[in-house]
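Participant: Protein sequences, first through last, are from chains A and B.
Residues 1 to 149, numbered by the numbering used here, are exactly what the first sequence covers, in order.
Residues 150 to 603, numbered by the numbering used here, are exactly what the second sequence covers, in order.
Since the hints were made in silico from the structure, they are not lab data.
Bear in mind that the values here come from a model prediction, so they are computed numbers and not experimental data.
Treat each hint with caution, since some may be false.
Said to hold, decoys possible - Rough simulated footprint, nothing fancy, chain B against chain A, three-plus residues with beta-carbon under 8 angstroms:
| no. | region |
| --- | --- |
| 1 | 80-90 |
| 2 | 93-107 |
| 3 | 127-139 |
Unchecked claim - If the Cβ cut is set under 8 angstroms, some of the chain A residues that face chain B in the computed set are:
| no. | residue |
| --- | --- |
| 4 | Val67 |
| 5 | Gln69 |
| 6 | Ser71 |
| 7 | Leu72 |
| 8 | Asp73 |
| 9 | Pro75 |
| 10 | Arg110 |
| 11 | His146 |
| 12 | Thr148 |
All residues carry an ideal CB built from backbone N, CA and C; glycine is no exception.
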Amino acid sequence: MRRVNRADRPPRILAAGVAALVILAGAVGCSHDKTKAGSDPKAMNVIAAQIQTNLAQRPGVVQAKVVYQDSLDTPGNAAIAIGVQPGTDLGPIVDNALQLIWQSPLNPLRYIQIDVGYDQSTQPGISRNVDPVKDRAELDQKYGPHPTR
Amino acid sequence: VSSNDLHVTGGVGGTDAYYEDIATLAHGSDNLALSLARISAECHAMLADPDLLASAVLDPAGAATFETTLLGALDGPNGLTALAAGFRQRAIRLRAVAASYQAVDAAQAHAIDTVRWAAGYAFAETMPGSLLLLAGGGTLLAGYTALGGKVDYQRLLTDHPGIVDNVVGAGPGLLSGLPGPFVSDVMGASHLVGMFYPDGRPSVTSLGVDTVANSMKIPPTGFGDLMAGLNYRNGQATEGNDQIDVRVLTHPDGTRSYIVDIPGTKVWDTPGTFNPNLNDLGTNVHVLGGDMTAREQAIAEALHRAGASPTDPVMLIGHSQGGMVAAQAAHDSASGAFGYHVTHVMTAGSPIAHADVPSNVQVLALENSHDIIPHLDAAGNVDRPNVTTVTFDNQLGTIGANHATGTSYLPAAQSLDASTDPSVTAYRNSAGAFLTGGAGTSVQAQVYQLTRLP
Numbered sequence: 001m002r003r004v005n006r007a008d009r010p011p012r013i014l015a016a017g018v019a020a021l022v023i024l025a026g027a028v029g030c031s032h033d034k035t036k037a038g039s040d041p042k043a044m045n046v047i048a049a050q051i052q053t054n055l056a057q058r059p060g061v062v063q064a065k066v067v068y069q070d071s072l073d074t075p076g077n078a079a080i081a082i083g084v085q086p087g088t089d090l091g092p093i094v095d096n097a098l099q100l101i102w103q104s105p106l107n108p109l110r111y112i113q114i115d116v117g118y119d120q121s122t123q124p125g126i127s128r129n130v131d132p133v134k135d136r137a138e139l140d141q142k143y144g145p146h147p148t149r
Numbered sequence: 150v151s152s153n154d155l156h157v158t159g160g161v162g163g164t165d166a167y168y169e170d171i172a173t174l175a176h177g178s179d180n181l182a183l184s185l186a187r188i189s190a191e192c193h194a195m196l197a198d199p200d201l202l203a204s205a206v207l208d209p210a211g212a213a214t215f216e217t218t219l220l221g222a223l224d225g226p227n228g229l230t231a232l233a234a235g236f237r238q239r240a241i242r243l244r245a246v247a248a249s250y251q252a253v254d255a256a257q258a259h260a261i262d263t264v265r266w267a268a269g270y271a272f273a274e275t276m277p278g279s280l281l282l283l284a285g286g287g288t289l290l291a292g293y294t295a296l297g298g299k300v301d302y303q304r305l306l307t308d309h310p311g312i313v314d315n316v317v318g319a320g321p322g323l324l325s326g327l328p329g330p331f332v333s334d335v336m337g338a339s340h341l342v343g344m345f346y347p348d349g350r351p352s353v354t355s356l357g358v359d360t361v362a363n364s365m366k367i368p369p370t371g372f373g374d375l376m377a378g379l380n381y382r383n384g385q386a387t388e389g390n391d392q393i394d395v396r397v398l399t400h401p402d403g404t405r406s407y408i409v410d411i412p413g414t415k416v417w418d419t420p421g422t423f424n425p426n427l428n429d430l431g432t433n434v435h436v437l438g439g440d441m442t443a444r445e446q447a448i449a450e451a452l453h454r455a456g457a458s459p460t461d462p463v464m465l466i467g468h469s470q471g472g473m474v475a476a477q478a479a480h481d482s483a484s485g486a487f488g489y490h491v492t493h494v495m496t497a498g499s500p501i502a503h504a505d506v507p508s509n510v511q512v513l514a515l516e517n518s519h520d521i522i523p524h525l526d527a528a529g530n531v532d533r534p535n536v537t538t539v540t541f542d543n544q545l546g547t548i549g550a551n552h553a554t555g556t557s558y559l560p561a562a563q564s565l566d567a568s569t570d571p572s573v574t575a576y577r578n579s580a581g582a583f584l585t586g587g588a589g590t591s592v593q594a595q596v597y598q599l600t601r602l603p
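Next comes chain A alone, as it looks inside the complex (with noise of 0.2 angstroms):
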């Protein structure tokens, strides 16, 4: 039996180069849960937009950033924080941004994250975050049904 030098193997390199390619597209592909429509992320970003100039015009409203991502760190996650003038009502706010969340077509929606606070104010404001598969029947019951497409 000839025993072939590593050197003389120059298949194995390209061999090797699919395993790992493999491997990479497996743990790549198990990273992001694209079992649910709509994880488009310009789409996704474009009604995110949307949900932020909508609560920007809200009365009181300083300030709004609503951030969207799907990723294997932050797994369909919105963010909202929205930043309020002194004495505005929180309460009704965060309401409106969790409605507005839960009645847009993003997805997948694993996570919500709601901080209001009263703008350049050391002031307490409300920090909520949903869970909307625990808390789906509550969601579903106050703002209907969560768009899937």
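Since the structure of chain A is already known, use the hints to place chain B on it.
Facilitator: Relative to the frame of chain A, chain B by itself:
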């Protein structure tokens, strides 16, 4: 997740601390043996004391009785000399017990690493046959799913995250079986792969003070508050917008402490090209290889801009890659390469087993047992008095949800606040500069955007 579901290893109540206790006991036994031997020697000298010998002339019988009694007390079966020897032997036994425990632990870890390495090497050596076998398996699975069969890969992996340890652990052997350099471990393999990810230079842009979220303006009182800040920042940081924040705590006496929130990976890029995002796969590979990364340098720059001095206490909190960078920064703080006084690190879902964190830095690592990401270093966290690992069981069905700060790690950190485990309590007590209870302490969160320059 309730506090009862949390499993704590390491820290002051951990196995290594127990070994240290044994070593301390051995040291105590040694000291006692030494003292007893010294007393015995002094008493032996007393037997030959000229005054004693002179007095024997006056009372020979009394002197003989005294000498016999003292000799018995010194050299008898239960005498001081025997007692000293006994304590000395006990010290040796205790040291032997501790050493053998540690040797067995190390040997077991080494054996596992070796088996994984050999499997990877065998795979490379038997190519293309092994590759065909792998492809055959893949084809069978594809056929099964094509016929309507269902395989939930995410569920499979998250139920058995040890698969990830085995695959990653085989990587160094696989590389070594190919033409090119020999790599003996995961760190070496990562270092090698890191050569294909140019790390570049850091650039830091100040985004101002965040006054919106409660976690950014209310002093943290517990683990839940700390994680809430990281969770909030993780929601703001995206691909193309690597954000960190520095929570500056100003205490009533005017002193300051700093908490840095470091989100995880947002960009999964392929090797060989320059990527301006510091929160990319390249940083993961570099930091897993033990390198000081551009992202770590950017964090140092952010601390500088936030006003931190080299002696102010700093806590680094990181999710996933953020935790890896935090642990590496803690390591580099010992050598001065990271020029800030890192006293505490808190990680969420980070593979930090290979990070050699100095003993004066307290580490609290949270790991969901169904999160595969902490397994990407193919090793469990070291059990050391300054490294406490809290594992919890929260199977949410997907890799992402099990790994996410919001669905997985924030609830766990909130539950941890109720824990009375000795290691958790010791960490909490040591973190007084950051968990102030809010009495007179103010917080200002400075936000920074990090990018990579060529």
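Participant: Find the hints from earlier in the document that the structure breaks and name them by number, from lowest to highest.
Facilitator: 2, 11 and 12
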